[in-house]
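Student: So the chains spell out like this:
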Amino acid sequence: MRESGIGHAGGHGGEEAHRTREFTAFTAGASGRLLHVATLLTTEPAHRNPLAQDLLTASLAHTYAHWDRLRGEDPYEVTRSGLATRFARTAWRYHRGRGGVLSALTPQERLVVVLRLHEGVAEEQTAALLGVPEDRVRAVCARAVSHLRAAS
Amino acid sequence: MSRHERKEDAVRRMMAAGHAHVPGDLAARAVARGTRLLRRDRVLRRIGWTLLAAAAVAFLVWASVARPWEAPPAGTTPPLEGW
Chain Z
2 MRESGIGHAG GHGGEEAHRT REFTAFTAGA SGRLLHVATL LTTEPAHRNP
52 LAQDLLTASL AHTYAHWDRL RGEDPYEVTR SGLATRFART AWRYHRGRGG
102 VLSALTPQER LVVVLRLHEG VAEEQTAALL GVPEDRVRAV CARAVSHLRA
152 AS
Chain X
496 MSRHERKEDA VRRMMAAGHA HVPGDLAARA VARGTRLLRR DRVLRRIGWT
546 LLAAAAVAFL VWASVARPWE APPAGTTPPL EGW
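Quick note, the sequences are listed as chains Z and X, same order. Under my numbering, the first residue of the first sequence is numbered 2, with each subsequent residue one higher. Under my numbering, the first residue of the second sequence is numbered 496, with each subsequent residue one higher.
If we strip away everything but chain X, and leave its shape as in the complex, we get:
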């Protein structure tokens, strides 16, 4: 074993010592927080879809009223000639 590996091993042993006690409600706290995250994601997703649907409906209504694909009526009367 090289000098470097011996040093690494010593550090490993230092880190392995003294395990912390896990509080009993840790999992429950994580579940509660995770549920909140899930719920927030779901609400955000729903808002996004609702906005998208509203935008689509608004576009359809506007398009059916304004009919932008039709040529606009001529703004001026053609000059009256030869009579």
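Next up, chain Z with everything else stripped away, as it sits in the complex:
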């Protein structure tokens, strides 16, 4: 057991303050881009995006809780993966488009397009993250791109 929590109130508080400082610095740099990603996924308009904010807050909270156990992983990537899996798990909530650029796409198509094209995540990693084969990712991406081009 790592933290007994008894008799170490001072040290524990210092550790927490340090973690919060590091985390706040990370958030200041990364939350703009992450919120844009979340807003693309929920297809909300940029000026009113409560669902995207909620998704992002939940993923950031998870990153914060695991901050001491990241072991050299990039917190941005950890939060983005959390965002993607959280969105995939609750995709039924976002089936309906809400007016953003990707409104015409299904939640899975949005995820693939955002991860592959906007975030530049490799095909292999996208496939692993979504739990589908690589050629499926390629097919979904191509379909989404032609769909978007046809719509615009």
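If you're looking for bench data, these hints aren't it; they were derived computationally from the structure. Where hints are given, some of them may not hold.
A short, non-exhaustive set of chain X residues, derived as facing chain Z with CB atoms under 8 Å [stated by the list, open to error]:
1. Arg498
2. Lys502
3. Met509
4. Met510
5. Ala522
6. Arg528
7. Gly529
8. Leu532
9. Leu533
10. Leu546
Just some of the chain Z residues that point at chain X, by a computed CB distance under 10 Å [stated by the list, open to error]:
11. Gly33
12. Leu36
13. Ala47
14. Leu61
15. His63
Predicted model only: the values in this text are computed from it and were never measured. C-beta atoms are modelled at their ideal positions from N, C-alpha and C, and glycine is treated no differently.
Starting from the known structure of chain Z, fit chain X onto it as the hints suggest.
Tutor: Showing chain X alone in chain Z's frame:
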């Protein structure tokens, strides 16, 4: 550049437009929620360890009272013969 790459580029440009404004309290909200998560994990871990310790103590007490490793005393008296 192939036709397909041109299409992908156009989609990329579509997605890059219009950045959302980040609310100032987003980090604070995430920290508060993360702290709650941490605290919940800690409580769950403590409950788990407490249950484990209680189970170990209960087992020791039971074993020292019941002494299951000893052969039980014979339930019947051997028949009385040859007298």
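Student: Work down the list of hints and note, for each, if the structure agrees.
Tutor: Tested hints:
Of the supplied interface hints, the one on X/Arg498 is violated, with its beta-carbon coming no nearer than about 10 Å to a beta-carbon of chain Z, more than 8 Å. Using the Cβ-Cβ criterion of 8 Å, the hint placing X/Lys502 at the interface with chain Z is satisfied: the shortest such distance is roughly 5 Å. A hinted interface residue such as X/Met509 counts as satisfied when its beta carbon comes closer than 8 Å to some beta carbon of chain Z; here the least separation is about 5 Å, so the hint holds. The criterion of a C-beta within 8 Å of any C-beta in chain Z is met by X/Met510, whose closest approach is roughly 5 Å, and the hint holds.
Because the beta carbon of X/Ala522 sits about 4 Å from the nearest beta carbon in chain Z, less than 8 Å, this interface hint is met. The criterion of a C-beta within 8 Å of any C-beta in chain Z is met by X/Arg528, whose closest approach is roughly 4 Å, and the hint holds. Given the 8 Å rule on beta carbons, the hint for X/Gly529 holds: about 3 Å separates it from the nearest Cβ of chain Z. With a cut of 8 Å, the hint placing X/Leu532 at the interface with chain Z holds, because the nearest CB-to-CB distance is about 4 Å.
The beta carbon of X/Leu533 comes within 5 Å of a beta carbon in chain Z, closer than 8 Å, and the hint placing it at the interface holds. Against a cut-off of 8 Å between C-beta atoms, the interface hint on X/Leu546 is violated, since the closest Cβ of chain Z lies about 14 Å away. Hint on Z/Gly33 holds. Least Cβ distance to chain X is approximately 5 Å, under the 10 Å limit. The restraint placing Z/Leu36 at the interface with chain X holds, with a minimum CB-CB distance near 5 Å, inside the 10 Å limit.
For Z/Ala47, the suggested interface contact is upheld, since its CB lies about 4 Å from the closest CB of chain X, less than 10 Å. Evaluation of the Z/Leu61 hint against chain X yields a held restraint, the C-beta minimum of about 4 Å falling below 10 Å. The closest approach between the C-beta of Z/His63 and any C-beta of chain X is roughly 7 Å, which is under the 10 Å cut-off, so the hint is satisfied.
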